[in-house]
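J.: Residues per chain, in single letters:
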Amino acid sequence: MTPVHATFGEVAAERRIASVPLSHVSVELGHLYMEDFEAGPDRLREQFRRVAPWLATVRSLWRERVPGGRARVSTCFLVDDYFSRFSTPAELVPMVLEAAAEHDLSIDYLARESACAQSGGVELARLVEDRLVDDPPPETDGSRPPVKETGWLCNGSRSPRTAPLQAMGKARPWEPPAQNAKRGHSIFVDVELWDEKGPRRTWSCPFLAAVWQLLRLGLLRSEGRVPLPPVALDGGWPRDWDGLPAVVRLNPQAAPFSAYTTLSVLSPRFLPVELAVRTILSQVAVDDEVLRQVATRSESEGVRLEEELVDRISYVFV
Amino acid sequence: MLVIGEVHTGLLQNSGEISESTCRQVLGLMAGESVRVSRRPIVHALSPERLTGVDCALPAASRSRIRGVGTVVSRCAVTGGRVAQGSSYVRVVRSETDRRLPWSHYLSRPGVVEVLGKAKAADLAEGFTGDPAPGCLDLGAVSGRFLDLVQASPLLDRRAPFKIPRTSLRWVAETGEPSIRFTLHTEQERTLRLTHPGPFTPAVVDLCEDLATHDWLLTSLLVIVERARIGATPGAQAVARLAPAIDHLMHLWMPAARVEEWLTPFWESLERRPGFTRQWRSLVDRVRDQVAMNTLALLSATAEAGRR
Amino acid sequence: MLVFAISDKGGTGRSVTGTNIVYRHALQGNDVCYLDFDFGSPTAGAIFSVSAVARGTPENGLHEYLRGECPQPRRVDVWAESDREGLRTRPPGAGRLVLLPGSEGGGELSALTDEIVGRCVQLFGRLEEEFDLCMIDVSAGRSFTAELVLAATVRMPAVPFRWLVFHRWTRQHIIAADGLVAGADGLLDVGSRFGHDREDLRDRIRFVRTAVLEPDAAELVGLRDEQRAWLSACDSELRELAGRHGVGRTAMLGKIPLDPVLQWREQLITDEDVLASKIANAETAAAFDELAKKIVDDSAWEGL
Numbered sequence: 001m002t003p004v005h006a007t008f009g010e011v012a013a014e015r016r017i018a019s020v021p022l023s024h025v026s027v028e029l030g031h032l033y034m035e036d037f038e039a040g041p042d043r044l045r046e047q048f049r050r051v052a053p054w055l056a057t058v059r060s061l062w063r064e065r066v067p068g069g070r071a072r073v074s075t076c077f078l079v080d081d082y083f084s085r086f087s088t089p090a091e092l093v094p095m096v097l098e099a100a101a102e103h104d105l106s107i108d109y110l111a112r113e114s115a116c117a118q119s120g121g122v123e124l125a126r127l128v129e130d131r132l133v134d135d136p137p138p139e140t141d142g143s144r145p146p147v148k149e150t151g152w153l154c155n156g157s158r159s160p161r162t163a164p165l166q167a168m169g170k171a172r173p174w175e176p177p178a179q180n181a182k183r184g185h186s187i188f189v190d191v192e193l194w195d196e197k198g199p200r201r202t203w204s205c206p207f208l209a210a211v212w213q214l215l216r217l218g219l220l221r222s223e224g225r226v227p228l229p230p231v232a233l234d235g236g237w238p239r240d241w242d243g244l245p246a247v248v249r250l251n252p253q254a255a256p257f258s259a260y261t262t263l264s265v266l267s268p269r270f271l272p273v274e275l276a277v278r279t280i281l282s283q284v285a286v287d288d289e290v291l292r293q294v295a296t297r298s299e300s301e302g303v304r305l306e307e308e309l310v311d312r313i314s315y316v317f318v
Numbered sequence: 319m320l321v322i323g324e325v326h327t328g329l330l331q332n333s334g335e336i337s338e339s340t341c342r343q344v345l346g347l348m349a350g351e352s353v354r355v356s357r358r359p360i361v362h363a364l365s366p367e368r369l370t371g372v373d374c375a376l377p378a379a380s381r382s383r384i385r386g387v388g389t390v391v392s393r394c395a396v397t398g399g400r401v402a403q404g405s406s407y408v409r410v411v412r413s414e415t416d417r418r419l420p421w422s423h424y425l426s427r428p429g430v431v432e433v434l435g436k437a438k439a440a441d442l443a444e445g446f447t448g449d450p451a452p453g454c455l456d457l458g459a460v461s462g463r464f465l466d467l468v469q470a471s472p473l474l475d476r477r478a479p480f481k482i483p484r485t486s487l488r489w490v491a492e493t494g495e496p497s498i499r500f501t502l503h504t505e506q507e508r509t510l511r512l513t514h515p516g517p518f519t520p521a522v523v524d525l526c527e528d529l530a531t532h533d534w535l536l537t538s539l540l541v542i543v544e545r546a547r548i549g550a551t552p553g554a555q556a557v558a559r560l561a562p563a564i565d566h567l568m569h570l571w572m573p574a575a576r577v578e579e580w581l582t583p584f585w586e587s588l589e590r591r592p593g594f595t596r597q598w599r600s601l602v603d604r605v606r607d608q609v610a611m612n613t614l615a616l617l618s619a620t621a622e623a624g625r626r
Numbered sequence: 627m628l629v630f631a632i633s634d635k636g637g638t639g640r641s642v643t644g645t646n647i648v649y650r651h652a653l654q655g656n657d658v659c660y661l662d663f664d665f666g667s668p669t670a671g672a673i674f675s676v677s678a679v680a681r682g683t684p685e686n687g688l689h690e691y692l693r694g695e696c697p698q699p700r701r702v703d704v705w706a707e708s709d710r711e712g713l714r715t716r717p718p719g720a721g722r723l724v725l726l727p728g729s730e731g732g733g734e735l736s737a738l739t740d741e742i743v744g745r746c747v748q749l750f751g752r753l754e755e756e757f758d759l760c761m762i763d764v765s766a767g768r769s770f771t772a773e774l775v776l777a778a779t780v781r782m783p784a785v786p787f788r789w790l791v792f793h794r795w796t797r798q799h800i801i802a803a804d805g806l807v808a809g810a811d812g813l814l815d816v817g818s819r820f821g822h823d824r825e826d827l828r829d830r831i832r833f834v835r836t837a838v839l840e841p842d843a844a845e846l847v848g849l850r851d852e853q854r855a856w857l858s859a860c861d862s863e864l865r866e867l868a869g870r871h872g873v874g875r876t877a878m879l880g881k882i883p884l885d886p887v888l889q890w891r892e893q894l895i896t897d898e899d900v901l902a903s904k905i906a907n908a909e910t911a912a913a914f915d916e917l918a919k920k921i922v923d924d925s926a927w928e929g930l
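Chains as they are written, first to last, in my numbering: chain Y, 1 to 318; chain H, 319 to 626; chain A, 627 to 930.
It cannot be assumed that every hint is accurate.
[Unchecked claim] So these bits of chain Y aren't anywhere near chain H, every CB distance computed over 10 Å:
#1 D104
#2 S186
#3 P199
[Stated by the list, open to error] If you want the footprint, here are the derived chain H segments under chain Y, 3+ residues with CB under 8 Å:
#4 414–426
#5 478–487
#6 607–619
None of these hints come from the bench; they were simulated from the model.
Just so it is clear, the structure is predicted and the values come from calculations on it, not from any experiment.
Where is the CB? At the ideal position from N, CA and C, for every residue including glycine.
Let the sequences and hints guide you as you build the complete structure.
T.: Here you go:
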C-alpha cells in the first residue's frame, strides 16, 4: 500500500482575519465638541466654509494619483458624546448636515466619539491599549519590563528618580528627560492615556483620537472581525445618543468609510492633541496580517502607500 | 541572517490540570485576539503574540559591539492544561542604514531586530548560545516575564502538586544544510542549534517549543524519580513520592505532536541520539514497576493478615 | 510557602535560627531557599559558611535586584559553595539548599516604589514555584522591608505565606514583640492598610522564643536553691506577661534553648556538632528539627 497523506485541521487552532473595503482617502470634515455646539450654527458654517476648498483639493490630487482618475474619497464627521453629552441626534444631526450643504459638502459618515472607547460589546480603546509597544530608549535589552508610568506614554525616557532608594545612599542629581529619536535636542512628549476615579476609567481625548484614526484606516480587528462597520439608519434620528449606531452611513452612494490614508481638517487649537495622537500611533503595533492585506490591495491597484502608519495620516490646520 | 529565541517551561501553578476554557482565559493576553487551541493529539493552547521593543547590544562571541533595534515577539502556551511556557524570538536582519530609524519603522516589521553596522551570523549564533554578556539582548528575561503572566493568573490556585524549577531552551535557527544540535548545560539550561532547508517560518518556533516541552517533562520526571530514592526508602514511601508523576506528567509525552511535516526529521534524529523517548520510556517503566511491586507487596501482606 | 522571619529587636538570634530551620527543612527532604532581606547587614552568608558572600555579594545581590540594577539576583548553592566540610556534600535524601545573598555594603530601603514591589512579587512568585520553603529574613523592627513584603503578599493572594516573630524570653522583648505585631503601625496595622485581612494575617503569625533557659535545664544543676526559685518565679511571671500580650503558648510555634554555639558563633548546627565534636546540645538541634516540621504543619497553625 502506498503511504496515505493525512491532513487534519482544527478551526479553533487557526486564525482568520476579515478584510475591509477601502477608499483612497478618508477626509474628516470636522469634530464637534460641546463648546462648538454652544457657539451656535455660525461656528459650524464657518468650519465648513474653511474645509470646502481643501476637500476639493484632496479630490483632485487623488484623481491625478489614481490610474483612471477613479479616486474613492469618503467624508466623515465626529461628534463628541464621550466627554460631555449635549443636545440629541434628532436635534443636532440635521443642523450639521444643513450647515455642510450650504457649502456643497456632503457628509458620508457620522460617528460618535464614545464608540472609540466602547461600543456594541467591543472595547476598541482596550484593544488599542493592548497593542501599544513602547518605543525603547537605547540600552533597552529586554532584561527588565519597560519603564511605565501607569496610564502614560512618552516618546523617550523620563527624568530618572533623584531620591535614593537606600538608607544612607547617595541622591542623584536631576537629569532631563530625553526623546529617543531626537535630532540634537529633545522634544519630549508624555501623553496621558487615561485616568481612573474609582472603578471608572476615562480615556483621554488624544487616545480616543488615535483609536479614531486607526478605525478610519481600517486597521483594527476584534476576534478577527471588522469592528463597528457603518450602518445605514432606518427611520428618523433617535432622541438619545446611545440609540445611534457607532458609525452611521448617511450617503448610500458613499465610497467605503475606511481608507488607505486619512486627512483631517482642523482648527490649529488641536495641534497639541494631534502631536499626542502621533506619539501614540507611532507606538501602536498593528496586526501583521491586517497590514499585509492593506499592502497587497493597494499594490494591486497601483497605489504606493507610505510604509509607516503615521505617514498615512495628514492634516490641514486652518 | 538568523533567528534566535528562548523558551522557558514550567509546571502550571495549579493543583490540577486546567480546562480548555480556563486556558483561553489564562492566555487571553490581548483584547480582541483569541487564544488558539488545538485538541489533537493533546490540548495545546497558544496565546496571541505580543511585542517588546529593544535597542541594545546583541550577544556576539567575539564580544564586538553590535547594536540591534527592533521588536521581540513573545507568546505563552499551555500544553495538556499542565505545562506552561513563555517563548520569545527575533529574526535578526541587516539594517539598510547605520542609524536608528523612527520607532514606527520597526513596528511595521514585528519580530525583526535590525543590526546597525556589521555583524556575522556565526558570531551572533555562537554568542547567543554561549555565555551572553550582561547588557546584551536578554530574550530569557522577556520569556520569563511572559511565563510569570500565566503563573500569576488569578484563575490558578497556586497549589501545584510538586515544586520543580523552570527550564530554559535558547535556540538559534539558520538556513542551510539540515542539522540539529541539542546541548544540556546546567541543570536548567539547554541550547539548540538548528539549520533548516528553506526560509524561516514560525513552524520552526513550534518545533523549538515542542522540544522544550518534552525536555522539561523528561527533566522533571528524572527529578521526581531521584527524589523518590527508590531502593533507599521503603517501597510505599517511594511510591507515594512517585505519585505526582503518575497523576500529572506521564500522559503528556507526545513528541512532535505539533511539528510540521518538513521539520519532523529533526525530531526523529534527536530520537536516535540521544533518544528522548527511549529515556522517557525507561523512566516510565521504572515508575510503573515500582507501583506494581508495591501493590504486590500490599496484596501479599493483606493475604498474610487474612490467613492469620 | 513563603516564611517571613522578623524580630522585635536586634540580637534575638533571628538569622541564626531562621537559617538553622531552613537547613533542617532541607535535611528533611525539601527544596528550600533563604533570602537575606536584612538589608542593613546582610550576613547570612557567614552563617552558611559561604565566605565568598559572608557580608553579602559584591554583585547581583538582592538589594541591586530590588532597585532594578540587575535582572536576576545571584543564587548560591550552599551544598556546593559552603566552606564547611560538613556542609559541602548534600546528604542523601536532602533537598536543595539555596541562599540568595544581600548586596555587600547595602543599606536599608529608604523608600518603597511600585517597581520595587513589582520586582519583589516576581521574585517570590518564581521562587515559590520551585522551592517547598522560602524563608525571607526581614530584619528587625519596623522597616520599609517589612512594608515591602506586606505589600508584595497582597498582590499574590493565592501564594501561601506565614510570619515568624523571634523574640527573647525577657520582659522587654515580650512587650516589644507584641508591639511589633499588634501595636500601632505594627504588622497587623500596616498589613490591613495594604489590603490584608487583619484576622487572616493574625492567623499567619507565630512567635518563636530564642535563647530560652528552662528552669529545669541541665545547665542549671549547679545553681543554688535560692537562684533556682528566683528563676522559676521570673519564668512564671514572664509566662503570665506573655499570655496577656498575645505572645503566650497558643501563639508560640516553638522555642530554642540557650546554646553556647549560637551565642558565640552564629552557625548552622549539624548533627556532627552534636554527635561527634559535641560542641552543640542535642536539644538545640532537636528544637530546630521540630520547628522545621511545624512550620509547614497546618495543625500548628490553626486559628487562635
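J.: Given that the segment 478–487 of chain H was listed as covered by chain Y, double-check it with a C-beta distance under 8 Å for 3 or more residues.
T.: That given contact is violated, which follows from only 0 residues of the segment 478–487 of chain H lying within Cβ reach (below 8 Å) of chain Y.
J.: Report holds if the minimum CB distance from Y/P199 to chain H is greater than 10 Å, and violated otherwise.
T.: Given a closest Cβ separation of 17 Å, the condition holds.
J.: Evaluate the condition: distance from the CB of Y/S186 to the nearest CB of chain H exceeds 10 Å.
T.: 15 Å, holds
J.: Classify the label on Y/D104 as holds or violated, using whether its beta-carbon is more than 10 Å from each beta-carbon of chain H.
T.: 36 Å, holds
J.: Verify this for me: three or more residues of the segment 414–426 of chain H with a beta carbon less than 8 Å from a beta carbon of chain Y.
T.: With 7 residues close enough to chain Y, the hint holds.
J.: Quick check: the segment 607–619 of chain H, covered by chain Y? Criterion 3+ residues, Cβ under 8 Å.
T.: Violated: only 0 residues of the segment 607–619 of chain H have a Cβ under 8 Å from chain Y.
Of the numbered hints stated above, those contradicted by the structure are hints 5 and 6, listed in ascending order.
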